[in-house]
Structure formats: C-alpha cells, structure tokens
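Here the sequence shown stands for residues 6 to 545, where the numbers follow my numbering.
Calculated from the structure, these hints are not laboratory results. These figures come from a predicted structure and were not determined experimentally. It cannot be assumed that every hint is accurate.
In silico lysine to any residue, SDA-like type, Cα no more than 25 Å apart, as pairs [unchecked claim]:
(1) 193 - 428
(2) 198 - 529
(3) 396 - 255
(4) 193 - 537
(5) 127 - 476
(6) 396 - 214
(7) 127 - 536
(8) 127 - 92
(9) 396 - 221
(10) 396 - 455
(11) 193 - 126
(12) 127 - 529
(13) 127 - 140
(14) 127 - 503
(15) 396 - 364
(16) 396 - 219
(17) 396 - 431
(18) 198 - 477
(19) 396 - 428
(20) 198 - 221
(21) 127 - 164
(22) 396 - 348
(23) 198 - 451
(24) 198 - 540
(25) 127 - 99
(26) 198 - 219
(27) 198 - 429
(28) 396 - 430
(29) 127 - 477
(30) 396 - 253
(31) 193 - 533
(32) 396 - 510
(33) 127 - 396
(34) 127 - 101
(35) 193 - 545
(36) 396 - 164
(37) 198 - 535
(38) 193 - 427
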Amino acid sequence: MSHARRDLLSKQVDQNRRRLLISLGYGAASVATLGALGAGQVGSASSRSGPDRSAPGTLASTAEVAVEGTTQFPPAPLAPPVLDASLSVPATTAFDVVITGGRVMDPATGFDQVMNVGVLGKAIAYIGAEPISGATSIDATGQVVGPGFIDILSYRPNPFGVWFKVADGVTTNLGMHGINNYANAFFKRYTGKVPVNFGGALHHQFHRGLLNVAPDREIDPSTLGEFERLADQQLADGFAGVAFSPEYAPGTSTDEILRLAEKSASRNSVLFFHARHSDDEAPGTNAEAIAEILNVARQTGLSVHVSHITSTGGTFTMAQTLETLNQARADGVDVTACLYPYDFWATRLGSFRFAGDWRSRFRIDYEDLQIGGTETRLSAETFGQAQAENKLVAALGSIPQDEVDMAMRMPWTIIGSDAIAEPDGNNHPRAAGTFSRTLGVYVRERNVLGLMDALAKMTILPARRVEGMLPGLSRKGRMQIGADADVTVFNPDTIADRATVAAPATASVGISTVLVNGVGVLEGGTIRQDRLPGEALRAS
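Work the whole structure out from these sequences, hints included.
Okay, structure coming up:
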C-alpha cells in the first residue's frame, strides 16, 4: 500500500472516530434508547440478542461502551444462576465431571465467583462452594470456567478444521454464512461424527447455483418460483433462516431477497447478510448496502444480521454504518452484526470482490495480497495466475484497526470467525485463532473490552441471536445450573492465538479444557479425537 493511500486512510479513520463520538452524544434519554436491545420484532433482540437490560450483567449503553471501551455491570448475583432447577443436585452427588477452584463466569447474568462445577450427563448440575467429587476431576485454579464459545459465522464442520475450533474454545459451530449442501444431507453427514454442536442457514448463493443461475444474472420468474419451493423445503428440513451474499451474487435483486425472506417469516427467522457492497466508492457503497438490509427488515418484519461488518458494509465508513444501525435499532428494527478480530480480510481471487478497480475501492495493491498458507505476496505479474487458480488471499492492511475497535465496542456485536480451516492450508488465520485472539489481544493486551464483555460476545449473545430458530441454543452459552455442559476453561493470562497468514492451521494456546455436552474433547490441553459428542442443531 502506498504512503499516500495510508495517509488518506489514516485521515479518514480520524474523521470516522470523531463522527462516531458526535453521533453518540444524544443525551441521557437517547443513550438509553440506543443501548436498548430491539423489541417487538419476530426473533427480536430483546429475547435473543443479549442480556435483558433489567437483569444483572446487562451490557452498558452504546455510548458508554463505544467511548469508554468498558462495560459497567450492575452488582453480580451472589447465588449461582439457575436455568433449570429440575436438574440441580446436591454437592454430595457423585458427578461424572467436576471442575474445581475456577473462576466461574456467566455473561448472561454477570455471575463471577470462584466456585466448583459438577456435571451429570450433558448438563451442569451443580455450581457452588462446597467440595465435590466425580469420576473425572479438573483443577481449574487460576483459570476461567466459562460457557463454551459459539461461532455464529462458520461453515461446515469438516473433520480437519473442526479440531482447530475446539483448540480455540468453540463448542458450537454454526454455519450462518450458509451451508453448501441440502439440509438432510448436511445433518446426516456430520451427526455423530464431529466433536462440536453444529447447524446452519440456507446458503442462498449456493442453492441459486444449483438452479443454474449465474451469479451475475437476475433470476427469471419461473426459476424464482422453483427457488421458493426449494427454500421452503430446506427450511422445513432444519436449516435456520437464509444467508444472502449479494456481493458474491450481484445478479440477486432486492425483490429476490424479499421473496425468499418471506419463506422465513413464519419460522422466527433471522436473515444473515454478507452485504452487497464493501467500500465507500460510488456507485455501490456501504451506505446503500446497509440501507438494503434494513429495508428488507422493515418490509418483512424479520430480524437481520450484518455478517463480518468490518470487512463488508462498514469498511472505511464504520462510524456512519454504526450510527445508521444504532438509529435503526432505536426505531425498533432488530439488527445485529458480527466481526472477527483481525485488520485484514481474505477471500478467493475468482470472486466478484476482485471485479473492476479493486485496488482503488479497497485501498490496497498487489503486494498487499498474500496467499493463505504461504509466505507468497502477489505482484502485478503473478496476480493473473493466482486468480486463474482461484487462490484465497489475505488482503493485508485492508481493515482500519480503529474501525475494528469501534465495532468491537458495540454492545450488540458478536464475535464470528467467518472461516473454518481446510486441509489444503489455503486459509485465513481467523479459522483457528478468532476467539483466543479476542481474549488475548483485545481484552488482555489492548483493553478494548472487559473480560465479561468479550465472553458475552462469544456465548450468550450468539445463543440469543439464533435460539428462536434453533431451540437447542436456549441451553447453551450459559454457565448456569441446568444448562448444557458446553464449557471452556482457559487461563486469561496466557490464552493467545498462534495462527498466521503463512501458517493459518496453528492451534491456539491457553485453553486447557473443552467440554461438549459433558464430554471432554480437550483435556489438559490435549485434543481427544476419539470423542465426538457434537449434536445436530436443527431449526424448529
């Protein structure tokens, strides 16, 4: 990237930050409104997008988080939180698994105390201070015992990449960017064969291709009718909502999106969007892309989610984008977003993202593109061959760090990787390091978030975002008696990502234990590939 481009980018980042601070200076009444989680919508954020603001552990107002970077939690409850009292047992029980002496943190309530945890079967059956014993005992002294991380924006849980998810603390892998398969085939393929819970959304772009519609062509009326019938069946078979990617399928009209969205209307669905545009150069700007998403929400009454907002829909205009979404939320639109904790995106060179003058639009150049899994940087001379091979490249320096911080601080944003490692090695490091990087860099090193805030973005916020579609999530993302025993134990002083662009399939460190449905799939820092307790999460 040239010095001139970097200077221009730096100036724009400063302008964006000033704009965001100004936009949040509404006064006490408006701050409360902006901080509130949406209400009255199908799949509303009031029920799924985050903690109830009247309950202990509620995230602070938008202004407080965005400007100060920390959340002020009300006093945490003294008693361990209970989700289902019928599953509670006394400390004298012989447990299947006990976790002793750890700092138990439940972002749903703000509970944060050193306690012992007892697991029976697939449920957390005890949280308390009394001594407990069981068949398997884990000493968590000096470590955090939290809900297992929920990756809301992943893909199919392939048997190679899924173990890097486990090493990164993930217990539920949701392909909400869309699954490249039919629902029944997808669930059959992975049921009983993976260590993590899994589910996903209908992949609009993939199924459009199955109908032989070119990505840059508008669909004809008869084929659209066929698409509607296909979508209706796939949603009935267990996919959770629809994932749209109009940037990658630019022939997709808003009318096509609305027609397919209607198939989700009776299913308490959330629509996921890889937005149509990823820059601020007309024609086709972030503002237009966000407006389209919000228009779909208003016309259908459905909840919507902006996927990887730092790389699509918000890049170079993050302050404006967040201001627009905050105002929409204040107006009653149920909209959330997710991001990954990196300052560069990655995609395949054959995608429409590299159509036209991509160097100008994304403010990068050939030498900023590094082929994932290698040390190779591209040049004007080598770009064509790499594009012909459809290599996945990391666009280094393509996301302003300041804008990642802005998005990270919003109380309604969620952490999502947008990746799962593939065995060919041509990956982004986010496939292996997203969650550990959030805790190691953004919490411990840079203090962008508090620990409880970060855990909320990895656990209860994604659970509540989709549990209206996927009822199984109503017992996940929580360290509560009666919740599923999806548990991640980590050392907050040492947890760290190790994956790089050159070596993206490198496991994170600092996580000692991961339980999925009460079964240890990571024990003492060692992966247990002989254990596959993951369960299918089908839409109701």
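Hint check:
Only pairs whose Cα atoms come within 25 Å are accepted, and residue 193 paired with residue 428 is accepted, the gap being roughly 22 Å. At roughly 22 Å between alpha-carbon atoms, residue 198 and residue 529 fall within 25 Å of each other, so this suggested pair holds. Under the criterion of a C-alpha separation no larger than 25 Å, the hint pairing residue 396 with residue 255 is consistent with the structure, at around 21 Å. For the suggested pair residue 193 and residue 537, the alpha carbons sit about 14 Å apart, so the restraint of at most 25 Å is met.
Our distance criterion of 25 Å between C-alpha atoms is met by residue 127 and residue 476, whose separation comes to about 16 Å. Under the criterion of a C-alpha separation no larger than 25 Å, the hint pairing residue 396 with residue 214 is consistent with the structure, at around 20 Å. At roughly 14 Å between alpha-carbon atoms, residue 127 and residue 536 fall within 25 Å of each other, so this suggested pair holds. With a C-alpha separation of about 11 Å, the suggested pairing of residue 127 with residue 92 holds against the 25 Å cut-off.
The hinted pair formed by residue 396 and residue 221 meets the criterion: a straight-line CA distance of about 20 Å does not exceed 25 Å. A threshold of 25 Å between alpha carbons decides the hint, and for residue 396 with residue 455 the separation of about 37 Å lies outside it, so the pair is violated. Distance restraint check for residue 193 and residue 126: the Cα-Cα separation of roughly 24 Å lies within the 25 Å cut-off, and the hinted pair is therefore satisfied. Only pairs whose Cα atoms come within 25 Å are accepted, and residue 127 paired with residue 529 is accepted, the gap being roughly 20 Å.
Only pairs whose Cα atoms come within 25 Å are accepted, and residue 127 paired with residue 140 is accepted, the gap being roughly 14 Å. Our distance criterion of 25 Å between C-alpha atoms is broken by residue 127 and residue 503, whose separation comes to about 31 Å. For the suggested pair residue 396 and residue 364, the alpha carbons sit about 17 Å apart, so the restraint of at most 25 Å is met. For the given pair, residue 396 sits about 21 Å from residue 219 by alpha-carbon distance, which is consistent with the 25 Å threshold.
Of the supplied pair hints, the one linking residue 396 and residue 431 holds, its CA atoms being roughly 7 Å apart against a limit of 25 Å. Our distance criterion of 25 Å between C-alpha atoms is met by residue 198 and residue 477, whose separation comes to about 18 Å. The straight-line distance between the Cα atoms of residue 396 and residue 428 is roughly 14 Å, inside the 25 Å bound, and the hint therefore holds. With a C-alpha separation of about 37 Å, the suggested pairing of residue 198 with residue 221 is violated against the 25 Å cut-off.
Distance hint between residue 127 and residue 164 is fulfilled; the C-alpha atoms sit about 23 Å from each other, no more than 25 Å. With a C-alpha separation of about 20 Å, the suggested pairing of residue 396 with residue 348 holds against the 25 Å cut-off. Between the alpha carbons of residue 198 and residue 451 the distance comes to roughly 38 Å, so the proposed pair goes past 25 Å and is violated. Restraint check: the Cα-Cα separation between residue 198 and residue 540 comes to about 9 Å, which is no more than 25 Å; the hinted pair holds.
Taking the CA atoms of residue 127 and residue 99, the gap is near 14 Å; set against the 25 Å cutoff, the hint holds. For the suggested pair residue 198 and residue 219, the alpha carbons sit about 34 Å apart, so the restraint of at most 25 Å is broken. Distance check on the hinted pair: residue 198 and residue 429 sit about 21 Å apart at the alpha-carbon level, within 25 Å; holds. At most 25 Å may separate the alpha-carbon atoms for a hinted pair to count; residue 396 and residue 430 meet this at roughly 11 Å.
The hinted pair formed by residue 127 and residue 477 meets the criterion: a straight-line CA distance of about 13 Å does not exceed 25 Å. Between the alpha carbons of residue 396 and residue 253 the distance comes to roughly 16 Å, so the proposed pair stays at or under 25 Å and holds. Between residue 193 and residue 533 the alpha-carbon distance is near 22 Å, which keeps this suggested pair within the 25 Å criterion. A threshold of 25 Å between alpha carbons decides the hint, and for residue 396 with residue 510 the separation of about 16 Å falls inside it, so the pair holds.
Using a Cα cut-off of 25 Å, the hinted pair residue 127 and residue 396 is violated, with the two alpha carbons roughly 41 Å apart. Straight-line distance between C-alpha atoms of residue 127 and residue 101 comes to about 9 Å, which keeps the hinted pair within the 25 Å bound. Under the criterion of a C-alpha separation no larger than 25 Å, the hint pairing residue 193 with residue 545 is consistent with the structure, at around 17 Å. Distance hint between residue 396 and residue 164 is fulfilled; the C-alpha atoms sit about 22 Å from each other, no more than 25 Å.
For the hint pairing residue 198 with residue 535, the CA-to-CA distance comes to about 10 Å; that is within 25 Å, so the pair holds. Note on residue 193 and residue 427: the hinted pairing holds, with a Cα-Cα distance of about 20 Å set against a maximum of 25 Å.
The structure shown violates the earlier hints numbered 10, 14, 20, 23, 26, 33.
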